[in-house]
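Quick note, the sequences are listed as chains E and V, same order. If you read the first sequence in this note's numbering, its first letter stands for residue 9, the second for the next number, and so on. If you read the second sequence in this note's numbering, its first letter stands for residue 16, the second for the next number, and so on.
It should be emphasised that the hints constitute simulated quantities derived from the structure, not laboratory data. No experiment lies behind these values; they were computed from the predicted model shown. Beta carbons are placed, not taken as given, at the ideal position from N, Cα and C, and that holds for glycine. Heads up, a few of these hints could be off.
Said to hold, decoys possible - Anything over 10 Å on all C-beta distances counts as not near chain E; from chain V, calculated: (1) Y45; (2) V93; (3) A100; (4) H102; (5) Q103.
What the hints assert, rightly or not - Taking lysine-lysine and the PhoX-like style, the derived pairs with C-alpha atoms no more than 25 Å apart in a straight line are: (6) K19/V with K328/E; (7) K296/E with K210/E; (8) K220/E with K19/V; (9) K19/V with K324/E; (10) K168/E with K50/V; (11) K203/E with K357/E; (12) K210/E with K50/V.
Said to hold, decoys possible - Facing chain V, from chain E, some residues (calculated, C-beta under 8 Å): (13) L122; (14) V235; (15) A371.
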Amino acid sequence: MNTIIDSLQQFLQYTGFANMTWQHLVMIAIGIAFITVAILKDWEPLLLVPIGFGMIIGNIPFTEGLQIGIYEQGSVMNILYQGVQKGWYPPLIFLGIGAMTDFSSLISQPRLLLIGAAAQIGIFGAYVVALHMGFTPAESGAIGIIGGADGPTAIFLSSKLAPHLMGAIAVSAYSYMALVPVIQRPIMLLLTTKKERLIRMKTPRPVSQREKIIFPIVGFILTALIVPSGMPLLGMLFFGNLLKESGVTKRLAETARGPLIDVVTILIGVTVGCSTQADVFLTGNSVKIFFLGLMSFVIATTCGVLFAKFMNLFCKEGNKINPLIGNAGVSAVPDAARVSQNVGREFDKNNHLLMHAMAPNVAGVIGSAVAAGILLSFLG
Amino acid sequence: MAEKDPHGAIITLVSVSVVFVALVILYFAYTFIGKLSSGEMKLKMPEKKKKAEAKGVPSGEEAAAIALALDQEMNGEVYAAISMALHQYLNDTVHDNESYVITIKRKR
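Could you build all of it, start to finish, from the sequences and the hints given here?
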């Protein structure tokens, strides 16, 4: 009889109930909140559902030594997490993004590239503030990249510069990407006049197939030569786009933008979610990172909108830029561009800004990868 | 680099500049490619032109001159005669030589 009781007691010690702390409960609640928001509000569901469920998986308490935790060497979750830790999931995601993105809008209006560059100031604004809040330069760089509004880039850079902060940085980046409509709209309205919001932009010229093929080759060579440290991201982004536009690799392009990116998104989402174990995640630093991430987004959006207004000073009448597309420079493809479209239509139902906003939006992807490369060169 | 820049100002300034430079270079590259592609800017290719001339392909100016000469030579009556002849031929009502062969006399 005693043996049975001892066995039961031993088993109970192994259960999650026995090891549960309030921190675990908080993290599980956050995970459920992510899933709820993704389903009810349709905010980044492809990312928030895997991350949310990953948070629940990662915060089921267990007794160490069974090789089941994400931080236990050799466990299944640990092996899957290697793709995040070593930074090989983000370039694969970029391959898929390249294969699914149409860069025509950018090719036909290359001047809008500059808005994508201006929005990257948010990264460096957060970097400076993070330094003053006591983070090391490498940690500050990893935190600042949240302002690039690009989850894979944030994971790639934080895996190199501050792996111990990666969970908080990734969750922060994806959370704010999901909240893009909420964060950006008030800033856009605050910084633009009614007259500016009504500006109708010139229809972009049609782009030939030859230009679309030249675009990724020239784009990669030029950007990689300037910032070789951004090569994994830039290379895969432009390679994916070449697969799409070459016209002779349709099967590869379909795999890259379909099954491949889906598999990697599932793995990256679940493992990043798992990495937010309460003992690692619920710290004062995480709160600071969330604050800095928000600040970075706000600065990036502000700089994008203001730079569009600045460019208008040099544009002739009829060739002006609607500053409502400035927010799209932060990347977050295509949600930020959708925000431009929706806010634009609030003031003129027939003014469709989506096509124009896609140019700074995809420029933001290139810009954030370049910025990540620069930070890696300086701080890595 | 980071050790010499505790406030991050230099890294920020340099990094923002590099991002802008990279994208400005892309801007110039794509503007140039776009202009080439849309025909706003044409590359001079004298050798190709010479080859085309050697093969008997008329240049733009020559084609325009030929078109003008033909236009001056032909008048409405000529067009009407050709149209009538074609109409009759296609309806199989003309057999001036033999079936399925049409003859149009030259205008004098």
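The hints, checked one at a time:
1. Y45: Nearest chain E Cβ is 4 Å from Y45/V, so the label is violated.
2. V93: 40 Å, holds
3. A100: Given a closest Cβ separation of 42 Å, the condition holds.
4. H102: 41 Å, holds
5. Q103: At roughly 45 Å from the nearest Cβ of chain E, Q103/V sits farther out than 10 Å, so the non-interface label holds.
6. K19/V with K328/E: This hinted pair is violated, its Cα atoms lying about 42 Å apart.
7. K296/E with K210/E: Status violated; Cα separation ~43 Å.
8. K220/E with K19/V: 43 Å, violated
9. K19/V with K324/E: 44 Å, violated
10. K168/E with K50/V: This hinted pair is violated, its Cα atoms lying about 40 Å apart.
11. K203/E with K357/E: 15 Å, holds
12. K210/E with K50/V: 17 Å, holds
13. L122: L122/E check passes; min Cβ-Cβ to chain V is 6 Å, inside 8 Å.
14. V235: 7 Å, holds
15. A371: Holds, because the Cβ-Cβ distance from A371/E to chain V comes to roughly 7 Å (cut-off 8 Å).
In terms of the numbered hints stated before, the structure departs from hints 1, 6, 7, 8, 9 and 10, listed from lowest to highest.
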